[in-house]
Amino acid sequence: MTLSPQVVNLVYLIAATLFVFGLKGLTHPRTAVRGNLLGALGMLLAVVVTLLHKDIVTYKYIVAGFVVGGVIGAVLAMKIAMTAMPQLVAVFNGFGGGASTLVAGAALIETQMTPGIPPSLQMTVSTVASGLIGAVTFWGSMIAFGKLQGLVTERPVRYKGEQVVKIVLLLISLYLGYLIVQDPYQTTNYWILVAVSSVLGVLLVIPIGGADMPVVIALLNSYSGLAAAATGFVLNNNVLIISGSLVGASGVILTNIMCKAMNRSLANVLFGGFGEVQESAAADDIYEGKVKATSPEEVAMLLDGARRVVIVPGYGMAVAQAQHAVRDLFHLLESRGVEVEFAIHPVAGRMPGHMNVLLAEADIPYDKLKEMDEINPTFPQTDVVIVLGANDVVNPLAKTDPNSPIAGMPILEVDKAKTVVVIKRSLSPGFAGIPNPLFAADNTLMLFGDAKKMVQELIAAIKEM
Amino acid sequence: MVDFVTVLTIFVLAIFVGFEVITKVPPILHTPLMSGSNAISGITIIGAIISAGTQYTTLTTTLGFLAVVFATINVVGGFLVTHRMLEMFKRKD
Numbered sequence: 001m002t003l004s005p006q007v008v009n010l011v012y013l014i015a016a017t018l019f020v021f022g023l024k025g026l027t028h029p030r031t032a033v034r035g036n037l038l039g040a041l042g043m044l045l046a047v048v049v050t051l052l053h054k055d056i057v058t059y060k061y062i063v064a065g066f067v068v069g070g071v072i073g074a075v076l077a078m079k080i081a082m083t084a085m086p087q088l089v090a091v092f093n094g095f096g097g098g099a100s101t102l103v104a105g106a107a108l109i110e111t112q113m114t115p116g117i118p119p120s121l122q123m124t125v126s127t128v129a130s131g132l133i134g135a136v137t138f139w140g141s142m143i144a145f146g147k148l149q150g151l152v153t154e155r156p157v158r159y160k161g162e163q164v165v166k167i168v169l170l171l172i173s174l175y176l177g178y179l180i181v182q183d184p185y186q187t188t189n190y191w192i193l194v195a196v197s198s199v200l201g202v203l204l205v206i207p208i209g210g211a212d213m214p215v216v217i218a219l220l221n222s223y224s225g226l227a228a229a230a231t232g233f234v235l236n237n238n239v240l241i242i243s244g245s246l247v248g249a250s251g252v253i254l255t256n257i258m259c260k261a262m263n264r265s266l267a268n269v270l271f272g273g274f275g276e277v278q279e280s281a282a283a284d285d286i287y288e289g290k291v292k293a294t295s296p297e298e299v300a301m302l303l304d305g306a307r308r309v310v311i312v313p314g315y316g317m318a319v320a321q322a323q324h325a326v327r328d329l330f331h332l333l334e335s336r337g338v339e340v341e342f343a344i345h346p347v348a349g350r351m352p353g354h355m356n357v358l359l360a361e362a363d364i365p366y367d368k369l370k371e372m373d374e375i376n377p378t379f380p381q382t383d384v385v386i387v388l389g390a391n392d393v394v395n396p397l398a399k400t401d402p403n404s405p406i407a408g409m410p411i412l413e414v415d416k417a418k419t420v421v422v423i424k425r426s427l428s429p430g431f432a433g434i435p436n437p438l439f440a441a442d443n444t445l446m447l448f449g450d451a452k453k454m455v456q457e458l459i460a461a462i463k464e465m
Numbered sequence: 001m002v003d004f005v006t007v008l009t010i011f012v013l014a015i016f017v018g019f020e021v022i023t024k025v026p027p028i029l030h031t032p033l034m035s036g037s038n039a040i041s042g043i044t045i046i047g048a049i050i051s052a053g054t055q056y057t058t059l060t061t062t063l064g065f066l067a068v069v070f071a072t073i074n075v076v077g078g079f080l081v082t083h084r085m086l087e088m089f090k091r092k093d
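Sequence order for the protein chains is A and B. According to this note's numbering, the first sequence is numbered sequentially starting from 1. According to this note's numbering, the second sequence is numbered sequentially starting from 1.
Extracted from the complex, chain B is given alone in its bound form (with noise of 0.2 Å):
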C-alpha cells in the first residue's frame, strides 16, 4: 500500500508538472507537440524490452517482440518527424 501511494504521488505530480509546462506551448508549435510528446510516450518500449529478452514463455516473448516493434516505431518515426517539422520553424536568415 505504501508503495502504491508512492507511485501515486509521482503520476498526480507529474501531471501537474506537465500542465505547467505544456500550457506554455505557442499554438504553432502544436503539431509538433503532439508529435513530440506522442514519442516521449513511447516509454513504454523499456517495458517491452524486457518482456522480449527474459523468454518466459514464447507467448511472452512473442507479445514482447510486437511491442518491442510498436514502441520502436512510435519512438524513432515521432523523434525524427517532430525534428523534421521542427527544423522548418527555424528562422531562414
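Pulled out of the complex, with its shape left as it was, chain A reads as follows (with noise of 0.2 Å):
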C-alpha cells in the first residue's frame, strides 16, 4: 500500500497536534500521563505512516533497529533507580542528537544518486547544522552521563587557553560546512565536520562542574531539539520542524529558568569553570566555637514541640538515598499534628526537578512540595527546618556578601525560622566551595552524619519518646 504525499503529511500534522496537546498535558500532574500518551500516540502514528512510504524496498534494517533500540530503550527506563534519572536523561538526549547527526548524513550521500540535480542551499546548510548540533549533542551528553555516573570527574576540567581551543575548534567547523555548501559532493568533509564537532561537544561539557548540570542537561535538550528540526530542514518534513522547535523551546526555558535560580548567566555557566576548588581562608574564622553539634534525641524533642517543619532536600539526599526514609518521617510527624512541608530549590540535585522527582517516588504528595518564592515568606513562622544535604541553595551569604560566587543567588531563607537542624556529614563546603555562615548560626544545630542513617535515627528517636 502507498499513500499520496498529501495524506503522509496530513498525518504527520496530526502527530505535530498531538505532540502540542501531550505537552499541554504536562502543565498539570492530573493531567501529565495523559499528555504523555498522547505524545507516544503521535509518534506511533508518524512512524507507522513513514512504514508505508513508497520508497522502501526492506523492511529488514528497520525492523532490526527497532528491536535492538526497542529493548535497549525500554530496559533502560524500566531498570533505572530515579536516584539515576539525571544520566539517563542525558544519554537520551544524546541518542537523539546522534540519529540526527546521522539522518543527515545519510540524506547528503542519497544526493550523489541523483547527479543531474544538486541539493539545493537550504538542504546543504541545514545537513551542516544537523551534523554539528546532532555531534556536540552526543558527545556533550555523553560526557554529562559520565560525570553523572562518577565515570568522569565531576569537578571541572580546566587547561590553559582552553577558550581559544574550542574557539578555533568551532571556525574549522564553520569552515567545513562552507566547503560542504560549496561541494555537496564531497562527502568526507561532512565526517571530518561530524568528529571536529565531536571534539568540540566533549571539551564543552568537560570544563563544567557537577552543580552546574541541571543547566547543561537541559541546553543539551535544547540542542537535541534543534539538530531534529536542523534535520526537518535536511528532508524537507514539517513534523520534524515542528517537534524540533517545540523541544528546543522548552530546553531553552528550562536553561534559563535554571541560571536566573543561580543569578548566573548562560556564558558564566559555560565558560565561567564554575566549581573550581577554591581554599577558603575565612572558614575558621566563620565556624570557629560558634558550630553547635546535635544528637537525634534532642532534634526529636524539638520536633515534639514543633507545630511546622520544613525539610530542605538537597543532592545529599539523592546520593543518600534518603527519599524513602525522610517519607517516613514525614508520616510520622503528620501523624502526630505537625504539619510538613517540603522547599525545593529550581537547582537543588543535578537536573531541573530532580527533587520533586525524588520525592514523588517516595509517594509524598505533589502539593507538598513547594517552590522558592511561595515558601521563603513561611520560614519566620516555622519552627524547625531540616536542611538535609542542601548547602549553597541555603547560603545566607548570597545576600549578604556581594564578593561571594553565589552574590545574588536566590536562597531558601531558612535562616529565618526558629530553629534550623543541617543534616550533614562534615563542614566541608558545597559545590561553590564557600564556607557556610548558617551551621555557625545561633538558631543552627549540626546533626553530622550521612542522610539516610540519621533521618533513621531520628525517627526512631521520636518513637521512643
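A couple of the hints might just be wrong.
What the hints assert, rightly or not - Computed cross-link-like contacts, DSSO-like style, restricted to lysine-lysine with a CA-CA straight-line distance of at most 30 Å:
#	chain 1	residue 1	chain 2	residue 2
1	A	Lys370	B	Lys24
2	A	Lys418	B	Lys24
3	B	Lys90	A	Lys368
4	B	Lys90	A	Lys260
5	B	Lys24	A	Lys368
6	A	Lys453	B	Lys90
7	B	Lys24	A	Lys260
8	B	Lys24	A	Lys24
9	A	Lys79	B	Lys90
10	A	Lys399	B	Lys24
11	B	Lys90	A	Lys399
Since the hints were derived computationally from the structure, they do not count as laboratory data. Computed from a prediction, not measured in an experiment: that's the story for all the values here.
Reassemble the complex: the two chains are provided individually, in unrelated frames, and hints are given to aid placement.
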C-alpha cells in the first residue's frame, strides 16, 4: 500500500498536533500521564505512516533497528533507579542528537544518486547544522553522563587557553560547513565536520562542574531538539521541524530558569569554570567555636514541640538514597499533628525537577512540595527547618556578601526559622567552594552524619518519646 | 526559495507555540518535561526509517540502521521513563 504525499503530510500534521497537546498535558500532574500518552500516540502515527513510504524496499534493517533500540530503551527506562534519572536523560538526549547527525549524513550521501539535480542551499546548510549540533549533543551528553555516573570527574577540567581551543574548533567546523555547501559531493568533509564537532562537544562539557549539570542537561535537551529541526530542513519535513522546535524551545526555557535560579548568565555557566576547588581561609573564622553539634534525641525533642516543619532536600539526599526514610519521617510527623512541607530550590540536585521526582517516588504528595517563592515567606512562622544534604542553596552569603561567588543567587531563607537543623556529614563546603555561615548561626544545630542514617535515627528517637 | 520560506515560517511559529505551552509547565514536572520532550525529539526516527529502508547504498543503509537504533532508544526509553515518573506524581488516594 502506498499513500499519497498529501495523506502522509496530513498524518504528520496530526502527529505534530498530538505532540503539542501532549506537552500541554504536562502543565498539571493530573493531566500529565494522558499528555505523555498523547505524545506517544503521535509518534506511533508518524512511524506507521512512514513505514508505508513508497521508496522503502526492505524492512529488514528497520525492524532490526526497532528491536535493538526498543529493547535497550525499554530496559534502561524500566530498570533505572530514580536517583540515576539525570544520567538517563543525558543519555537519551545524546541518542536523539546522534540520530539526527546520522540521518542528515545519509541524506547528503543520497543526493549523489541523482548527480543531475544538485542539493539545494537549504539542504546543504541544514545538513551542516544538523551534523554540527547533533555531534556536539551526542558527545556533550556522553560526557555529562560520565560526570553524573562518576566515570568522569565531577570537578571542572580546566587547562590553559581552553577558550581559544574551543573557538578554533568551532571555526574549523564552520569552515568545513562552508566547504560542504560549496561542494556537497565531497561527503568526506561531512564526516570530518562530525569528528571535529564531536571533539568540541567533549570540550564544551568537560570544564563544567557537577552542580551546574541542571543547566547543561537542559541546554543539551534544547540542542537535541534543534538538531531534529535542522534534520527537518534537510528532509523538508514539517513534523520534524515542528517537534524539533517545540523541544528546542522547551530546553531554552529550562536553561533560562536554571540560570536565573543561580543568578548567573549562560555564558558564565558554560565558560566560567564555576566550582573549581577554592581554598577559603575564612572558613575557620566563621565556624570557630560557634558550631553546635546535636544528637537525634535532641532534634526529636525539638520536633515534638513543633507545629510547622519544613524539610529542605538537596543533592545529599539523592546520594544517600534517603528519600524513603524522609517519607517515613514525614508520615510520622504528620500523624503527630505537625504541618510538614518541602522547600524545593530550582537547582537542587543535578537536573531540573530532580528533587520532585525523588520525593514523588517516595509517595510524598506533590502539593507538599513548595517552590522557593511560595515557601520563603513562611520561614518566620516555621518552628524547625531540616536541611538535608543541601548547602549553597541555603547559604545566606548570597544575600550579604556581594563578593561571594554566589552573590545575588536567590536562596531558601531558612535562617529566618526558629531553629534550623542541618544534617550533613561534615562542615565541608558545597559546590561553590565557600563556607556557609548558616552552620554557625545562633539558631542552627548540626546533626553530623549520613542523611539516610540520621533520618532513621531521628525516626527511632521520636518513636521512643 | 518559496519552499524555504514556508518551512522557515513553520519553524518560527512552532517555536512560539513551544514557548507558550512550556512556560506553563510547573517546576515539579520539569524532569518529566525534559524526558518527555526528549522522546518527542526522537521524531528523527522517521528520517532514519526511510534511510534504512530505501537501500541506496550499503553506507546509507548502515547509517539508517544505526539512526533507527539511536532514535528508537530515544523514543521508546523516553516515553516509558516519562510514564514511569508521571505515575508517581499521580495523587495517591
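Results of checking the hints against the structure:
no., hint, in the structure
1, Lys370(A) to Lys24(B), "holds, 16 Å"
2, Lys418(A) to Lys24(B), "violated, 35 Å"
3, Lys90(B) to Lys368(A), "holds, 13 Å"
4, Lys90(B) to Lys260(A), "holds, 29 Å"
5, Lys24(B) to Lys368(A), "holds, 20 Å"
6, Lys453(A) to Lys90(B), "holds, 29 Å"
7, Lys24(B) to Lys260(A), "holds, 17 Å"
8, Lys24(B) to Lys24(A), "holds, 8 Å"
9, Lys79(A) to Lys90(B), "holds, 20 Å"
10, Lys399(A) to Lys24(B), "holds, 29 Å"
11, Lys90(B) to Lys399(A), "violated, 37 Å"
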